[in-house]
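Trainee: Residue numbers (this note's numbering), protein chains in the order written: chain A, 1 to 114; chain B, 115 to 226.
Be aware that one or more of the hints could be misleading.
[Stated by the list, open to error] Pulled a few chain B residues facing chain A out of the computed Cβ check, cut under 10 angstroms:
(1) R165
(2) N212
(3) G217
[Unchecked claim] Here are some chain A residues the structure puts well away from chain B; computed CB gaps all over 12 angstroms:
(4) Q6
(5) L11
(6) T20
(7) L46
(8) N77
(9) L81
(10) L111
Keep in mind that the hints were calculated from the coordinates and are not lab data.
This structure is a prediction, so every number in the text was calculated from the model and none was measured.
For glycine and all other residues, C-beta sits at the position ideal for the given N, C-alpha and C.
Each chain, letter by letter, is given below.
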Amino acid sequence: KAGVTQTPRYLIKTRGQQVTLSCSPISGHRSVSWYQQTPGQGLQFLFEYFSETQRNKGNFPGRFSGRQFSNSRSEMNVSTLELGDSALYLCASSPRAGFNEKLFFGSGTQLSVL
Amino acid sequence: GESVGLHLPTLSVQEGDNSIINCAYSNSASDYFIWYKQESGKGPQFIIDIRSNMDKRQGQRVTVLLNKTVKHLSLQIAATQPGDSAVYFCAENIFTGNQFYFGTGTSLTVIP
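Excised from the complex, chain A in its bound form:
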């Protein structure tokens, strides 16, 4: 069974631009979560989607948004990029949306904002 797939693997953008990242969960998994990883803040929760609905949202500004499609694939968007948005963005999937579910991570998208 294929793991969580994230595209693209690397991105370079400039301040003010917007970016869209894509995530395909493990086949059969219906919950997708997004995390931001930086050296200073570690792994921080962005949001979680299940059945095309956002279930939880972390403490990030409205510039960060996401969505989930009917096939469980998910995208996240960051608008008006800032230098501080440079990070590894990780997508994780799990079979269900309840608590106490294992998260399986992809390799991430490394975003650099210049």
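With chain A held as given, fit chain B onto it using these hints.
Mentor: The following block gives chain B in isolation, referenced to the frame of chain A:
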């Protein structure tokens, strides 16, 4: 939000020795914990999990211990191998769906 802290940012062990990585959590309501391993250039990899109704759980060469009295979690790796070199994170879940709080990570280096 709640913080999950690690006692040591780095740990070096000799190949073949046992490793112990510690984690302190602050929310007594946390009911599910996962240990992840992250190698350079890769996403976190699930190692082992434990629920709050357990004190100990064993996997292949790994054991997780949970002490709810002092809100402490540890990961023990037996016969540490060079391939175990990575950053290890503990993560806690507190009845908020699949939202986890991650610790800052411990970098484990195995010396051949």
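Trainee: Taking the closest pair, is the beta carbon of A:Q6 still more than 12 angstroms from chain B?
Mentor: violated (8 angstroms)
Trainee: Using Cβ atoms and 12 angstroms as the threshold, tell me whether A:L111 really stays out of contact range of chain B.
Mentor: Nearest chain B Cβ is 14 angstroms from A:L111, so the label holds.
Trainee: Test the statement that A:L11 is away from the interface with chain B: the closest C-beta pair must be farther apart than 12 angstroms.
Mentor: holds (15 angstroms)
Trainee: Holds or violated: is the Cβ of A:L81 farther than 12 angstroms from all Cβ atoms of chain B?
Mentor: With a cut-off of 12 angstroms, A:L81 remains clear of chain B, as the shortest Cβ separation is near 22 angstroms.
Trainee: Holds or violated: B:R165 as interface residue toward chain A, Cβ cutoff 10 angstroms?
Mentor: It holds, given that the least Cβ distance between B:R165 and chain A is near 7 angstroms, below 10 angstroms.
Trainee: Confirm or reject: A:T20 is not an interface residue toward chain B, with every Cβ-Cβ distance exceeding 12 angstroms.
Mentor: At roughly 19 angstroms from the nearest Cβ of chain B, A:T20 sits farther out than 12 angstroms, so the non-interface label holds.
Trainee: Quick check on B:N212 please, does its C-beta sit within 10 angstroms of some C-beta on chain A?
Mentor: holds (5 angstroms)
Trainee: Tell me if B:G217 is really an interface residue toward chain A, meaning its C-beta lies closer than 10 angstroms to one of theirs.
Mentor: Given a least distance of 7 angstroms, the restraint on B:G217 holds.
Trainee: Holds or violated: is the Cβ of A:N77 farther than 12 angstroms from all Cβ atoms of chain B?
Mentor: holds (20 angstroms)
Trainee: Does the claim that A:L46 lies off the interface hold, with its Cβ farther than 12 angstroms from every Cβ of chain B?
Mentor: violated (10 angstroms)
In terms of the numbered hints stated before, the structure departs from hints 4 and 7, listed from lowest to highest.
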